[in-house]
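Q: Quick note, the sequences are listed as chains C and Z, same order. To convert a position in the first sequence, counted from 1, into our numbering, add 3. To convert a position in the second sequence, counted from 1, into our numbering, add 214.
I should point out that these hints are in silico values taken from the structure, not numbers from a laboratory. Here a beta-carbon is modelled for each residue, glycine too, at the ideal position from N, C-alpha and C. Misleading hints may appear alongside valid ones.
[To be verified] Beta-carbon label-pair distances, calculated as ranges:
id: 1; chain 1: Z; residue 1: A412; chain 2: C; residue 2: E616; range: 31 to 37 Å
id: 2; chain 1: Z; residue 1: G394; chain 2: C; residue 2: G371; range: 20 to 26 Å
id: 3; chain 1: C; residue 1: L63; chain 2: Z; residue 2: M247; range: 28 to 34 Å
id: 4; chain 1: Z; residue 1: M247; chain 2: C; residue 2: T15; range: 32 to 38 Å
id: 5; chain 1: Z; residue 1: S351; chain 2: C; residue 2: V26; range: 49 to 55 Å
id: 6; chain 1: Z; residue 1: V311; chain 2: C; residue 2: V26; range: 48 to 54 Å
id: 7; chain 1: C; residue 1: L84; chain 2: Z; residue 2: L257; range: 52 to 58 Å
[Claimed, not checked] Examples of chain C residues lying across from chain Z (beta carbon under 7 Å, computed):
id: 8; residue: A439
id: 9; residue: L477
id: 10; residue: F479
id: 11; residue: S482
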Amino acid sequence: MKQELVQVDRLTIGYRSRQGQMVDVLRNVSLVMSEGETLGLVGESGCGKSTLGLALLGFLRPGGRLRAGTAFFDGVDLFGLTSEELEQFRGKRVALIPQNAGQSLTPTIRVGAQIAEPLMLHLGYGQAAARERVVELLRLVHMSQPAVMAERYPHELSGGQLQRVVVAMALAGVPELLILDEPTTGLDVTTQAHILASLREIREKTATTMLYISHDLGVIARVSDRVAVMYAGEIVEDGLATRVFGQPTHPYARGLLASIPRVSKSSLPQSMPGRPPAPGEHEVGCAFAPRCPFADETCTTVDPTFETTKHDGKTPHLVRCHHWKRVAGAEVSRQVQDLRARAKHIVEAEPLIELNKVDITYAKRGFGAYLQRWRGEPEPPRTVSDITLTLHRGETLALVGESGSGKSTIARTIAGLLPPCAGQIDSGEYDLTRVAERRPGDLQRRIQLVFQNPDASLNPRHTVRQILDMPLCLYFDLSREQRFEQSVSSLERVRLSAPYIYRFPGQMSGGEKQRVAIARAFAAEPDMVLCDEVTSSLDVSVQAAVLNLLADLQAGRGVAYLFISHDMAVVRAIADRVAVLYQGRLCEVGPVEQIYTPPYHPYTETLLAAVPEPIPGARARLLAKDVQEAEPPARGCPFQRRCPRRIGAICDEERPSGQVVAEGHTICCHIPLEELLASQDDVITG
Amino acid sequence: MSATVTTLDKPRPAERSRFKETWRNLRRSPSGMIGLTILVTHLVIAVISPLIVPYEPTDIDASILLQSPSWEHPFGTDSFGRDGLSRVLMGGRIALVITLTAGVLAITWGGLLGIVLGFLGGVVDEVVMRVVDAMLSFPSLFIYLLVISALGSSDVILILVLSITNGISIIRIARAATLGFVARDFIAAARARGERTATVVLRELLPNVFDVLLVEYAMRWSWMLLSFSSLSFLGFGVTPPTPDWGLMIAENRRRLAIAPWGSIFPMLALGTLVIGINLAADALAKAMGLDRSQEAPI
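Based on the provided sequences and hints, a complete structural model is requested.
A: Right under this line is the structure:
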């Protein structure tokens, strides 16, 4: 029989806030983990996932207090250990893999030596034995050329490779419990797929118990046997992954599942109303009640208990809800919101912006470039090269690709923040190769930008009123009162109430800030809005709301979006046409439905195959090679070094020209279309 | 439609105005409150001293030369028989007026130029910063003496020379603080909107570097007080018989052995004022969150 390794009983952890009162970030958390199982801990930011994970290391962040409850690991009271005992305990029996691998490694020590350190210090390895073990560990985490990589410094490795090093480091002490705190967040999907595959294999080989913390339901579904859903410091649902994903019983879990965009569905995700409570804000009753469609008076007055709804074999399915029977019985009401079914005014005949063979580089210009040429240094490959695209009035064109694919660079060039070094960009009679400062006022107004991170794109010292005033002052001749009225109505359009006008960005949540940034862009009454990863920094339920908002604004105003995203599922939900980029070069352009069905460009194919869908047990089928790409290759296909379908020397030598699949759908690949079609399955549904 | 109407009219309890927040943090700092008390006392005395001095500070009385502290003259008298207390009370007025004015001028031109340079970057920034480096390599006292011996000493010239030399150092500080913000997206957004440079500098950047400039102003102020007193001490500042701490220390330093009160009391006055400003400025920096080492974890 499997033994219980971790027993957390009614654990409550609080922090002292700036105002001096105690704020509980974990409330009454009870959790049991059996040996060898992988538990996925999922929830939105600020729900207490990391606090719980760290508590299993016997660690509280500075200012934290154990308020009530216990946490046992194999019979050892974690909060009763002395600091020496904890030191022995951590690393040997429990190990942590943090989110940002780059930051947890020392930049001046070779990675092999960093992995070897705990081996020699805690486990009594000698120099040579440790070196051997390091190579063995790196092989276990699927690092290519482990002996060579061990001799490298952290800055010489890619993000995915660094994460592998950190995993190897955590495995060095052969821990019984591995705590993974968002280990793949911030990595590209293809890299993430690699890491997840390695983790699965490690689990099969070593039978290590794992606690996998993530906000990403898709990732959780890929790795976990059991799933615990957290909300506002509580575990609200806990059960087998197949059951939690298949028949969620808590309204929050249901809402969360409905709010993630699926790469297999072209409909917009459904958003949840409201926002999660800030720590300390919730007092009595169910924390989810204000956002819950099932809530009644009991929910706001009586704390729900953790009830066992049924048993799946030995695993009980636990839910913290008064009305779980009603919820379980209710139909999953998935309001299908297909954007393309709405009244959209795409005017195909009217191109809004035309890019023609555009090249962009961050290399030196002017005198510096002259000096470089004079010294005989070769010109580095251009960051973005040979981009020919058209954006029509009223449509949504998505630019997709992983980090470093030049998506944002193209947006910045269109916005006039960075001039192209070759090619032509036109908008009607206007020349967009000029930088913003040199453009006529009317053109400046017509193109607006929304950035990824609203913390950086809103001036922290301006109130919402000042923020919305800036475009109104600049583009329109309005009185103070008129501007105020306009600002209030802009806020209402993004579904924020009027009193928000007096707030500073620091007084709003991430989603609220992003709405203000969107309101600012729309205040200028633009023809097109460049959306640069606008939902990437938001929680899924907030992302769904922002996507719906963007769709509604487009339907009402007829603006065109250049929608930049790394997320294939989000793109499918919102885009009309898609351009897939790799290393600043176009791979594939076409209508959204054609991009998501074969034939695919090999890069599109690997991207789609790597997307983790929230289906328990699913795994990535096709993987691009995990190579660090410093800069685009000077010749040949941009994807040559990582392509799983490479056909030979032609890929290295010749730039593939576009093959037309259907009208408006082009694939830039040397493999003939028939061959692509014959060898490719539908990676989404297949 | 799955519209999300977020209605949350009441601000959360954690939210207060920045001014109140800073004041609240400042009040929790004991050293800051001591500094502030000293500073306010000095300022009040400087303002009301003409009304409270027991004697006219420039009145000479040959019958009471170099008297030690007594009930009639708590700070003693100097070699002209002038009352020490009255002179100490009045002795900070000119120094304060000149340094405060020079400080405002310095922070204005130095701060604005620093922000503009940080925003523009490029060749202009490079050239101006090299000139600034060159200027900073001269000891400031040397520049003061050079300018004053060429142009003579007057209040206006003192203010100008203090504001110019201190403003040069402020350029560096303001530029460095600006660089932390120019790469942020709200500046990119302003550029893409087509805002003029003046708008970006005054409306977007200035509010963000204002904290840094305010603290820098307080620090510069205490430096200028010391510089000004040094000039007076060397005979280039205030002309006798106007009461001034630097001048008083200089006049009475020869008699330190026989009549120490003549220089000790102005020293104490100047010392406490500078310490008060420094304590208050340090606490202000921490209260505004500029000193990261003192930040609470949550």
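Q: For every hint, state whether the structure bears it out.
A: A quick look at each hint next to the structure:
For Z/A412 and C/E616, the hinted distance range of 31 to 37 Å is not satisfied, since their beta carbons lie about 51 Å from each other. Evaluation of the 20 to 26 Å hint for Z/G394 and C/G371 yields a pass: the beta carbon distance comes to about 24 Å. For the pair C/L63 and Z/M247, the beta carbons lie near 32 Å from each other, so the given range of 28 to 34 Å is met. With their beta carbons about 37 Å apart, Z/M247 and C/T15 fall inside the hinted range of 32 to 38 Å.
With their beta carbons about 52 Å apart, Z/S351 and C/V26 fall inside the hinted range of 49 to 55 Å. Between Z/V311 and C/V26 the Cβ separation comes to about 49 Å, which falls inside the hinted range of 48 to 54 Å. The hinted window of 52 to 58 Å between C/L84 and Z/L257 holds, with their beta carbons roughly 56 Å apart. Proximity of C/A439 to chain Z holds as hinted, the smallest CB-CB distance being about 5 Å (cut-off 7 Å).
Of the supplied interface hints, the one on C/L477 holds, with its beta-carbon coming within about 6 Å of a beta-carbon of chain Z, less than 7 Å. Residue-level restraint check for C/F479 is violated (minimum Cβ-Cβ distance to chain Z is 13 Å; threshold 7 Å). For C/S482, the interface hint is violated, the least distance from its beta-carbon to any beta-carbon of chain Z being 19 Å, above 7 Å.
Taken one by one, the earlier hints fail for this structure at numbers 1, 10 and 11, listed in ascending order.
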